[in-house]
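Asks: Now for the letters of each chain:
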Amino acid sequence: AQRVTQPEKLLSVFKGAPVELKCNYSYSGSPELFWYVQYSRQRLQLLLRHISRESIKGFTADLNKGETSFHLKKPFAQEEDSAMYYCALNQSFGNEKLTFGTGTRLTIIP
Amino acid sequence: DSGVTQTPKHLITATGQRVTLRCSPRSGDLSVYWYQQSLDQGLQFLIQYYNGEERAKGNILERFSAQQFPDLHSELNLSSLELGDSALYFCASSVDLSGIRQFFGPGTRLTVL
Numbered sequence: 011a012q013r014v015t016q017p018e019k020l021l022s023v024f025k026g027a028p029v030e031l032k033c034n035y036s037y038s039g040s041p042e043l044f045w046y047v048q049y050s051r052q053r054l055q056l057l058l059r060h061i062s063r064e065s066i067k068g069f070t071a072d073l074n075k076g077e078t079s080f081h082l083k084k085p086f087a088q089e090e091d092s093a094m095y096y097c098a099l100n101q102s103f104g105n106e107k108l109t110f111g112t113g114t115r116l117t118i119i120p
Numbered sequence: 050d051s052g053v054t055q056t057p058k059h060l061i062t063a064t065g066q067r068v069t070l071r072c073s074p075r076s077g078d079l080s081v082y083w084y085q086q087s088l089d090q091g092l093q094f095l096i097q098y099y100n101g102e103e104r105a106k107g108n109i110l111e112r113f114s115a116q117q118f119p120d121l122h123s124e125l126n127l128s129s130l131e132l133g134d135s136a137l138y139f140c141a142s143s144v145d146l147s148g149i150r151q152f153f154g155p156g157t158r159l160t161v162l
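Quick note, the sequences are listed as chains X and D, same order. Numbering of the first sequence is given in this note's numbering, commencing with residue 11 and proceeding in unit increments. Numbering of the second sequence is given in this note's numbering, commencing with residue 50 and proceeding in unit increments.
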């Protein structure tokens with residue numbers, strides 16, 4: 011069964027410091043991985059997908075199949091990055107649901 | 050604004066009661082997903098419908114049921130409510146079955162007293 015693990019429930023980082031939100035997954039096939047973000051009083055929204063290999067709001071995430079990880083990184087944290095971050099996995103081919111991790115609440119300390 | 054709407058915003062009820070949460074997907078989206086977000090368990094997938102048919106089931110209790118209507122709106126029915134059912138219930142929609150890009154609604158906060 012597929013599983014997504016976010017080991018840190020809470021993470022506090024000083025403004026300007028690097029951020030890394032950890033995500034590990036277990037899935038035997040070829041997964042699609044995502045990061046979703048929920049800012050205060052806003053709805054959950056897609057931040058980025060590993061397939062796109064994009065950088066959104068300064069965040070990047072690289073899929074490491076050897077380590078089964080998809081950590082979210084940003085070199086210099088900004089106060090507006092404070093939010094709840096969820097890592098999610100979608101099996102490729104045939105499964106229509108996302109499996110979410112339990113989330114990490116990121117707080118940027120001014 | 051993602052276009053997914055959910056009603057009501059807040060719901061307070063007592064144990065043993067039954068409630069119905071409603072979701073309207075974005076225009077053109079055929080898939081609807083329900084999630085439960087609680088403090089200790091994070092975001093958990095409950096169930097998915099596509100064009101009126103159930104497509105995938107997650108950690109949905111037998112006391113919970115859902116359906117998607119011909120106009121594509123969906124309802125999540127929660128019965129015999131327990132204190133532990135208090136949570137934020139999200140609906141999401143996507144245009145197809147893949148669920149790759151899901152757009153979330155604002156959620157319904159259910160409090161069971």
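Since the hints were derived computationally from the structure, they do not count as laboratory data. Keep in mind the model is a prediction, meaning the values are calculated, not measured. You may find that some hints are simply not true.
Simulated DEER-style distance windows between Cβ atoms [to be verified]: (1) A11/X - A63/D: 45 to 51 Å; (2) L162/D - N74/X: 26 to 32 Å; (3) K75/X - E102/D: 31 to 37 Å.
Stretch by stretch, here's where chain D covers chain X in the computed footprint (C-beta under 8 Å, at least three residues) [to be verified]: (4) 53 to 67; (5) 109 to 119.
All C-beta atoms in this analysis are idealised placements derived from N, C-alpha and C, irrespective of residue type, glycine included.
Asks: The structure should be examined with respect to each hint, and the outcome stated for every one.
Replies: These are the hints, each one checked on the structure:
1. Separated by about 35 Å at the C-beta atoms, A11/X and A63/D break the suggested range of 45 to 51 Å.
2. At about 46 Å, the CB distance of L162/D to N74/X disagrees with the hint of 26 to 32 Å.
3. For K75/X and E102/D, the Cβ-Cβ distance of about 34 Å falls inside the hinted range of 31 to 37 Å, so the restraint holds.
4. Residues of the region 53 to 67 of chain X lying with their CB closer than 8 Å to a CB of chain D number 5, which satisfies the three-residue condition for coverage.
5. Here's how the region 109 to 119 of chain X fares: 5 of its residues keep a CB closer than 8 Å to some CB of chain D, so the rule of at least three is met and the hint holds.
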